[in-house]
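Using the hints provided, position chain G relative to the given structure of chain V.
Chain by chain, the residues run as shown.
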Amino acid sequence: MRAIIPSLSVKGFQAVLSCLAKIGDDIIVEARPDRFILSTMNITRSAYASFSFTRTFFESYHLDTSADAIKHDAAGPYLRSSVLAKALVSACKVRGNVEQKIEKCCLFMNSAEGVGENCRLTVEIIFKYGFIKIHKLLYESCPEPIQVDDVTETCPSSWRLQPAALIGFADNFSPKAEEISMTCTQEGVTFKTAKDTSEEESGVVKRIGTTVVPMSRAAMEQYKLQDDIELTFSMKEFKAIIAFAVTLRLPLEGHFDARSRPFLLTVQAENIVCARFALATVMDDSEDNEHPNGGQSGKMEDVKPGMTHTNSNGSGSRAAAHTDLDLTQPENALFLDDDADWAGALDDLEMEEAAAAAAAAAVAQGEAGGSSSGVTRNDRESAYEIEEAFLPATQREPKRRKFNFDEDD
Amino acid sequence: MRLKAKIQRDLLFFKIAQAVEKIGKSCFIKFAPECVAFGAIHGLGDNDPSTGGGSIQCWSRLPKESLFSEYRIESTSNNEIYLEMKVEDLVLAMRSCSNAMAIVMRMTGRSADAYLSFTITTEDHLGNSRPIVQNVPIVKILTADGANNTSVFDEPMIPTPEVHIMLPQLDTLRHVAASYKSLADYVVISANLNGEMVLTTSDGIQQLNHYSNGDAGEGTISARYGMAEKALVETRFSKLHNPVLKDDEEEDHPHLERLRSRPREFASVLVRVSDLQKVLQSHYVKPLNVICSIVPSHAILFYVYLKDNTQDATLTYFIPESAI
Numbered sequence: 001m002r003a004i005i006p007s008l009s010v011k012g013f014q015a016v017l018s019c020l021a022k023i024g025d026d027i028i029v030e031a032r033p034d035r036f037i038l039s040t041m042n043i044t045r046s047a048y049a050s051f052s053f054t055r056t057f058f059e060s061y062h063l064d065t066s067a068d069a070i071k072h073d074a075a076g077p078y079l080r081s082s083v084l085a086k087a088l089v090s091a092c093k094v095r096g097n098v099e100q101k102i103e104k105c106c107l108f109m110n111s112a113e114g115v116g117e118n119c120r121l122t123v124e125i126i127f128k129y130g131f132i133k134i135h136k137l138l139y140e141s142c143p144e145p146i147q148v149d150d151v152t153e154t155c156p157s158s159w160r161l162q163p164a165a166l167i168g169f170a171d172n173f174s175p176k177a178e179e180i181s182m183t184c185t186q187e188g189v190t191f192k193t194a195k196d197t198s199e200e201e202s203g204v205v206k207r208i209g210t211t212v213v214p215m216s217r218a219a220m221e222q223y224k225l226q227d228d229i230e231l232t233f234s235m236k237e238f239k240a241i242i243a244f245a246v247t248l249r250l251p252l253e254g255h256f257d258a259r260s261r262p263f264l265l266t267v268q269a270e271n272i273v274c275a276r277f278a279l280a281t282v283m284d285d286s287e288d289n290e291h292p293n294g295g296q297s298g299k300m301e302d303v304k305p306g307m308t309h310t311n312s313n314g315s316g317s318r319a320a321a322h323t324d325l326d327l328t329q330p331e332n333a334l335f336l337d338d339d340a341d342w343a344g345a346l347d348d349l350e351m352e353e354a355a356a357a358a359a360a361a362a363v364a365q366g367e368a369g370g371s372s373s374g375v376t377r378n379d380r381e382s383a384y385e386i387e388e389a390f391l392p393a394t395q396r397e398p399k400r401r402k403f404n405f406d407e408d409d
Numbered sequence: 001m002r003l004k005a006k007i008q009r010d011l012l013f014f015k016i017a018q019a020v021e022k023i024g025k026s027c028f029i030k031f032a033p034e035c036v037a038f039g040a041i042h043g044l045g046d047n048d049p050s051t052g053g054g055s056i057q058c059w060s061r062l063p064k065e066s067l068f069s070e071y072r073i074e075s076t077s078n079n080e081i082y083l084e085m086k087v088e089d090l091v092l093a094m095r096s097c098s099n100a101m102a103i104v105m106r107m108t109g110r111s112a113d114a115y116l117s118f119t120i121t122t123e124d125h126l127g128n129s130r131p132i133v134q135n136v137p138i139v140k141i142l143t144a145d146g147a148n149n150t151s152v153f154d155e156p157m158i159p160t161p162e163v164h165i166m167l168p169q170l171d172t173l174r175h176v177a178a179s180y181k182s183l184a185d186y187v188v189i190s191a192n193l194n195g196e197m198v199l200t201t202s203d204g205i206q207q208l209n210h211y212s213n214g215d216a217g218e219g220t221i222s223a224r225y226g227m228a229e230k231a232l233v234e235t236r237f238s239k240l241h242n243p244v245l246k247d248d249e250e251e252d253h254p255h256l257e258r259l260r261s262r263p264r265e266f267a268s269v270l271v272r273v274s275d276l277q278k279v280l281q282s283h284y285v286k287p288l289n290v291i292c293s294i295v296p297s298h299a300i301l302f303y304v305y306l307k308d309n310t311q312d313a314t315l316t317y318f319i320p321e322s323a324i
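Protein sequences appear in the order of chains V and G. Numbered per the UniProt record's numbering, the first sequence finishes at 409, counting up by one with no gaps. Numbered per the UniProt record's numbering, the second sequence finishes at 324, counting up by one with no gaps.
Just chain V, with the same shape it has in the complex (with noise of 0.2 Å):
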């Protein structure tokens, strides 16, 4: 494989790959002969981005189709690998000027098909100055794809944003929140962040500092919106694909459906690249019981075992299962490769740590039961963020749908 980026295009890529390390320690490569994919999913598998260059990004690009290492499936020949992030940013990363001092960057991807020390992703930076820096970054074979099943197409609500409204939005949010929440109404969309402050040697009740921003409807460029929803997801990606949205001046369109959907995002560039982010939102207790609003916390402790009630008898092992569940466990992850050999084991792992987390959660309610205050939602939302921490990225599916390069459809 042999990609020559022009030196316009270099800033381009550099956003791309700083927003491909924040969000995943492995970069995934994958070179076809009509476009270049890099991807990457979080250790937790909660995020996922990927980022499509088609041929017109490039100067020139050549993947030679011939050679041994070059794998087939539905769409094609492939050759797929994947490198470290940082050391693939680090290998493109150009202080100051870019435009003034490169005249291109090199990617050579060797075909030693991901096997022992000759695997080598070359990036060579040549400078106008005449003289070239060159990387050679190993990379390992990824046999599997990641795919996310959703797509955006079948998403019945979006919001599109133009970047300007983007440029200090995610200032105004405390860098220590570690989760958003979105709420969607027929107005716009409020953004919400709730950050803990509580001291630890006081131990006194958890104490949350939260921050509001609405975007109202005119603000957007497109809203469309099915039903009112909230969704939760995490700050730290979503800080990084605005960032991105905001470096490259690009609009960013978010796609959401019911709760326990993933949040999509999209950002587009007309052909050249096309990138797109799934976020795994966060499960809300209350909400699935369709309990209004004005949740008090004693409201809680009842909705908390009801659900391990209501929920065991439907989908099994999706219950409300979600309390101390290990998310860098691959069983609980958003995205599975192959799960039929999980799926067994876990429903009865998950229905003893339900009942332990339900015994868990109802004492943490008695103390947030404590104290109640005039503002409703701020007091759902503290008693509900005591569990936040155990809650895991989504709902984990038994039956889902896999992308099989093996079998026929």
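It should be emphasised that the hints constitute simulated quantities derived from the structure, not laboratory data. Keep in mind that a hint or two might mislead.
[Stated by the list, open to error] Computed footprint of chain G on chain V; a stretch qualifies when at least three of its residues, placed anywhere within it, have a C-beta under 8 Å from a C-beta of chain G:
hint, segment
1, 157-168
2, 210-218
[As the list claims (entries may be wrong)] To give a feel for the contact side, a few chain G residues facing chain V, derived at Cβ under 7 Å:
hint, residue
3, Asp89
4, Leu92
5, Asp124
6, Leu126
7, Asn128
8, Arg130
9, Val133
10, Gln134
11, Asn135
12, Val136
13, Pro137
14, His241
All C-beta atoms in this analysis are idealised placements derived from N, C-alpha and C, irrespective of residue type, glycine included.
Just chain G now, with coordinates in the frame of chain V:
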């Protein structure tokens, strides 16, 4: 208990918070019908690797007009409210205020779970107004008794300072302090009544045998403090103004006595460089002047004069001499 006010356009409220941010984790604010007082003290459970010396303290009492407009307060304890909150949260709320058109501060929630809520009206990219809400949790609301017992707002009892001098540009001092930070942990601040000020790096050890200067009162500092290990750096400022504070003129003040007899002798105090840096953080409020008062070998006070139309509003820092 009710509190509602609109914050003035110059955001002085937040700037004071920024100025005291580094002092300690918590800051105490007392809201009274006519004035607002801030207090912060280092050492109440703050994690500072170099503790073991005196604790830096900072307070300020300002008329309400300089901070707020449309100020309304109601409470059962004499219409005063005492709060303790985390400074970093307050500063965080300021992040959204850069282009704000109006900021309204309100106390919300019940006693156990109170927030100081800021509703910030900004304009978004299309020109629509967008209200951003920042809720800052209040760690504690102190009762009237508790507040009277907190000494944070008042000046501690110290002997009268002997030397008053106006500091040079704060930016210059910040550079000096920043470069000292990497060289030494302590700095000796010396000033005399002849408009001279010297900052010397030190390793913080006080030497027991001090030799007097004899007739070398021309500008040397008595070497009572150990020299810094890495580098001995001395920064001298001259032609500074020695202000005379109003009440000093009345009696036989040590200040005047010194002025008569030994104007050129330096009065010195040993403090940590980090404490000096904390004081210099007050540049955020864009002060008019900063006056430094030294009680030799005991403490140093910095009076930061804030720009204010109505009265002299000051932010005062007090650093006792560090003793190892």
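We went through each hint and held it up to the structure:
no.: 1; hint: 157-168; verdict: holds (count 5)
no.: 2; hint: 210-218; verdict: holds (count 8)
no.: 3; hint: Asp89; verdict: holds, 5 Å
no.: 4; hint: Leu92; verdict: holds, 5 Å
no.: 5; hint: Asp124; verdict: holds, 5 Å
no.: 6; hint: Leu126; verdict: holds, 6 Å
no.: 7; hint: Asn128; verdict: holds, 5 Å
no.: 8; hint: Arg130; verdict: holds, 6 Å
no.: 9; hint: Val133; verdict: holds, 4 Å
no.: 10; hint: Gln134; verdict: holds, 5 Å
no.: 11; hint: Asn135; verdict: holds, 4 Å
no.: 12; hint: Val136; verdict: holds, 6 Å
no.: 13; hint: Pro137; verdict: holds, 4 Å
no.: 14; hint: His241; verdict: violated, 40 Å
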